[in-house]
Amino acid sequence: MRAEIVSVGTEILLGNLVDTNAAFIAEKMASLGISISRINAVGDRWQDLYQTLEETLRRVDLIVITGGLGPTEDDITKEVLSRLMGENLVLDEGILAGIRRRFRGHRIPEKAARKQAMIPASAKKIPNPVGTAPGIILEKDDKTIILLPGVPREMRKMMEGELYPYLLSRLGTEELISSRTLKVWGMGESQVNEKIADIMLRQSNPKVGLLAKRGEIHISITGQFAPEVVGEKIKTVEDQIRGRLGSSIWGVDEETLEGIVARLLKKRGLRIAVAESCTGGLVSHRLTNIPGSSDYFTYGIIGYSNQAKSIFLGVPASLIKRRGAVSPEVAKKMAQGVRKAGEAHLGLGITGIAGPSGGSRNKPVGLVYISLSSPEGEICERFLFPGGREDIKWKASQGALDMLRKYL
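Residues in the sequence shown are numbered from 275 upward in steps of one, following the working numbering.
It is worth saying that the hints were derived from the structure and are not from the lab. Hints are not guaranteed to be accurate.
With a Cα cut of at most 30 Å, we get these calculated DSBU-like pairs of lysine-lysine [to be verified]:
(1) K595 to K614
(2) K541 to K509
(3) K481 to K469
(4) K414 to K398
(5) K457 to K417
(6) K680 to K541
(7) K457 to K398
(8) K385 to K302
(9) K469 to K457
(10) K509 to K680
(11) K399 to K457
(12) K469 to K680
(13) K302 to K507
(14) K417 to K398
(15) K469 to K487
(16) K481 to K680
(17) K509 to K457
(18) K507 to K469
(19) K507 to K680
(20) K457 to K680
(21) K680 to K540
(22) K481 to K302
(23) K487 to K680
(24) K302 to K399
(25) K399 to K414
(26) K481 to K457
(27) K595 to K637
Full structure from sequences and hints, please.
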């Protein structure tokens with residue numbers, strides 16, 4: 275089955291909004307074996323949208339459209355599609371009642387509520403569990419058009435909820451395309467390639483690919499098999515790769531490094547305190563962004579200045595003067611000091627030069643020392659991260675969390 279995606283919204287064309295919806299939909303469709311031949315973006319002008327949909331319908335059997343289902347005057351997707359397909363828009367009382375329930379206690383213009391509750395007469399509706407605009411499936415003249423809201427959170431819930439099983443039932447396929455992503459930290463793309471090159475060369479199904487991300491490498495394993503064996507086939511290749519890369523693989527698919535660390539801290543009943551200089555609180559932010567973080571996070575301090583390092587973390591001023599603020603000795607003292615101040619089992623200390631200025635021949639921009647203080651003592655690692663200021667800060671936070679992951 276060939277398909278195209280149409281993203282509706284002038285804000286996409288102006289560059290004010292990055293179209294993450296199309297990438298998500300394309301990934302889900304690919305997992306079903308549905309070939310996406312084009313991804314189109316079109317503004318909110320009636321003529322442009324009509325022409326785009328008319329041309330797209332001539333080329334493919336399935337169109338997935340996102341955006342333009344809201345309550346405002348420039349939300350015209352349903353109206354344009356209905357005109358193109360010769361359908362009348364009718365009021366769905368169930369949708370209207372749902373919108374009123376969601377906004378109970380708040381004033382909502384009746385015109386806006388009714389606009390969102392209008393759907394093409396022969397369409398099937400897809401419930402929206404986190405918003406007001408329903409999704410729509412219109413099957414007509416051997417064509418299938420799916421309309422989804424442009425709000426990413428709403429679109430994803432509907433795509434993963436009722437829409438995925440619907441598409442699966444339509445395909446009637448005996449094989450599924452499935453994919454697994456392994457996330458690697460601490461190795462460059464060429465290093466990863468060298469270690470698994472033979473696996474990549476001999477695999478066509480499942481196929482193995484590499485993608486360089488910010489400070490890490492993602493390894494994709496994609497295969498097409500019968501549903502009952504596809505998972506096993508991918509796992510066989512995954513096990514081979516894990517045998518080569520070991521603990522450099524920190525997670526899979528949608529996992530985050532902070533999420534893994536949080537789970538391990540909770541599992542072991544340990545508490546962490548963090549002292550940050552060059553990362554400016556980024557590690558603390560990531561750890562406390564996980565629900566239930568009060569179970570494991572006790573204390574965080576941004577000891578940016580030398581004075582703050584001494585006053586709040588107990589780093590001797592004489593040590594800073596002798597070895598410099600960016601040094602393994604200071605990183606260790608920061609980790610010790612925050613662990614004590616936070617009455618925690620573990621302490622992280624991070625100090626470095628994020629740039630673009632402040633570097634020297636002996637201590638260049640990107641130099642970061644990260645230390646972990648535990649009941650067994652202190653460990654400290656030296657890193658030299660490339661990139662701009664934000665990249666260095668992010669990579670330093672990754673390095674700190676990965677050090678903690680490996681310890682745990």
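Of the numbered hints stated previously, which ones are contradicted by the structure, given in increasing order? 5, 7, 8 and 11
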